[in-house]
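The listed protein sequences correspond, in order, to chains A and B.
Following this note's numbering, the numbering of the first sequence begins with 1 at its first residue and continues without gaps.
Following this note's numbering, the numbering of the second sequence begins with 1 at its first residue and continues without gaps.
It is possible that some hints are incorrect.
Derived DSS-like pairs (lysine-lysine); straight-line CA-CA distance at most 27 Å [said to hold, decoys possible]:
id, chain 1, residue 1, chain 2, residue 2
1, A, 3, B, 39
2, B, 64, B, 253
3, B, 192, B, 253
4, B, 253, B, 63
5, B, 39, A, 73
Hints in this document: simulated from the structure, not taken from any laboratory.
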Amino acid sequence: MSKHHVTSTVNGEPVEFLCEPQETLLDILRDQLDLTGSKEGCSSGDCGACSVTIDGRLVCACLVLGAEAEGRKIETIENMAEGDTLHPLQQKFLEEAALQCGFCTPGFLVAAKSLLDRNDNPTETEVRYWLAGNLCRCTGYDKIVKSVMDVAAEMRGE
Amino acid sequence: MHDFAYHRPQSLEDAANFLRTAEDPLLMAGGQTMIPTLKQRLAAPSDVIDLAEVPGLVMIDVKKAQVSVGAMLTHASVASSPEVQAALPALAGLAGNIGDMHVRNRGTLGGSIANNDPAADYPAALIGLGATVHTSKRQIAADDFFTALFETALAGDEIVTSVDFPVPELAAYMKFDHPASRYAVVGVFIAKFGTDVRAAVTGAGPCVYREAQMEEALTRDFSPSALADMTISPDGMNTDLYAGPEYRANLVKIMATRAVEAALKGGG
Numbered sequence: 001m002s003k004h005h006v007t008s009t010v011n012g013e014p015v016e017f018l019c020e021p022q023e024t025l026l027d028i029l030r031d032q033l034d035l036t037g038s039k040e041g042c043s044s045g046d047c048g049a050c051s052v053t054i055d056g057r058l059v060c061a062c063l064v065l066g067a068e069a070e071g072r073k074i075e076t077i078e079n080m081a082e083g084d085t086l087h088p089l090q091q092k093f094l095e096e097a098a099l100q101c102g103f104c105t106p107g108f109l110v111a112a113k114s115l116l117d118r119n120d121n122p123t124e125t126e127v128r129y130w131l132a133g134n135l136c137r138c139t140g141y142d143k144i145v146k147s148v149m150d151v152a153a154e155m156r157g158e
Numbered sequence: 001m002h003d004f005a006y007h008r009p010q011s012l013e014d015a016a017n018f019l020r021t022a023e024d025p026l027l028m029a030g031g032q033t034m035i036p037t038l039k040q041r042l043a044a045p046s047d048v049i050d051l052a053e054v055p056g057l058v059m060i061d062v063k064k065a066q067v068s069v070g071a072m073l074t075h076a077s078v079a080s081s082p083e084v085q086a087a088l089p090a091l092a093g094l095a096g097n098i099g100d101m102h103v104r105n106r107g108t109l110g111g112s113i114a115n116n117d118p119a120a121d122y123p124a125a126l127i128g129l130g131a132t133v134h135t136s137k138r139q140i141a142a143d144d145f146f147t148a149l150f151e152t153a154l155a156g157d158e159i160v161t162s163v164d165f166p167v168p169e170l171a172a173y174m175k176f177d178h179p180a181s182r183y184a185v186v187g188v189f190i191a192k193f194g195t196d197v198r199a200a201v202t203g204a205g206p207c208v209y210r211e212a213q214m215e216e217a218l219t220r221d222f223s224p225s226a227l228a229d230m231t232i233s234p235d236g237m238n239t240d241l242y243a244g245p246e247y248r249a250n251l252v253k254i255m256a257t258r259a260v261e262a263a264l265k266g267g268g
């Protein structure tokens with residue numbers, strides 16, 4: 001099958017790539033653009049390890065075709081820190097040990113940032129509802145949820 | 001995934017033409033069921049036709065007596081629409097509890113109903129509210145749309161464009177969801193239009209259906225106690241790792257009772 005020429009914006013930079021119809025956005029990010037922070041966990045949209053945003057909306061990159069990225073703005077975990085300065089969520093995850101093996105962490109961070117970009121005063125229920133599509137088999141979630149709540153409080157100046 | 005050709009038509013007519021001319025075409029809306037299906041090789045279409053750029057399919061039109069939702073509107077957009085929340089909170093609530101945030105940001109009304117998964121939520125809203133499905137060819141009453149397990153009344157070259165939901169006097173949807181997938185093990189949508197009551201059940205059987213004895217009992221007395229002595233037959237109900245027919249039959253009654261309670265409190 002013929003390849004598609006796709007033009008989009010990834011982490012603020014214009015990018016072009018050629019993709020087979022059956023390649024997912026996650027395949028493109030990892031294999032062509034060398035953005036390997038987004039992980040392939042389940043590959044079926046259950047685990048959220050491949051969380052990215054498209055036009056500001058949180059999605060699983062494994063359930064988006066590469067060809068669908070035409071004209072879209074994609075943001076990945078690689079865009080979260082500013083140079084050597086970690087995003088407050090990244091810093092808090094380290095301080096509160098909100099990760100163990102770390103495989104799910106990029107997805108959780110992208111998802112949590114997507115929440116806090118919209119709502120800097122979420123309840124614990126709202127945090128758990130928003131993060132329901134991200135699975136972690138190590139931490140039991142409590143430290144992740146607490147980290148997100150703590151960063152939200154810091155953002156509010158508390 | 002098997003190889004396929006990917007198309008992104010710019011009009012409904014072009015999309016329908018692909019459906020007529022391609023060897024084994026498959027429409028893609030949000031792709032949240034379809035892409036996993038392709039990955040599992042449960043489907044191997046020759047052509048995937050992405051509806052993302054077909055104009056007119058992303059709209060909400062809320063009138064006093066009717067909420068119209070475009071086929072490509074995502075669950076997240078329906079759930080967060082202030083107009084839908086005000087006019088039909090049961091529908092906004094249903095959309096907001098489909099899957100997880102990632103799924104809701106991609107999954108669409110049209111994709112959900114065209115797939116007709118026996119455990120999907122939207123079919124219960126269409127049947128419960130007596131909705132009308134608009135397609136590229138005609139209008140189809142919801143009662144005639146969902147025909148069997150993963151089957152609908154849609155013709156091979158027919159595309160869902162929008163759904164009209166009548167606004168009821170009272171309505172609510174309650175589901176017992178699977179804790180991982182959040183699909184409905186059983187979900188019941190109850191709606192009251194004057195003296196007419198509709199009760200739609202999803203998850204329990206091979207296809208969404210109306211529970212006639214509930215509708216009769218609630219027409220006489222729209223209260224949770226009207227269902228108290230009712231027995232739901234488990235005959236023909238789904239069975240899987242999580243719930244057998246008897247368990248599902250009991251859940252139908254419990255979810256219906258909770259839906260009536262919620263409807264009387266203003267919906268949700």
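Do the hints match the structure? See the list:
no.	hint	verdict
1	3/A with 39/B	holds (19 Å)
2	64/B with 253/B	violated (31 Å)
3	192/B with 253/B	holds (17 Å)
4	253/B with 63/B	violated (32 Å)
5	39/B with 73/A	holds (25 Å)
Hint compliance for this structure: hints 2, 4 are not met, and every other hint is.
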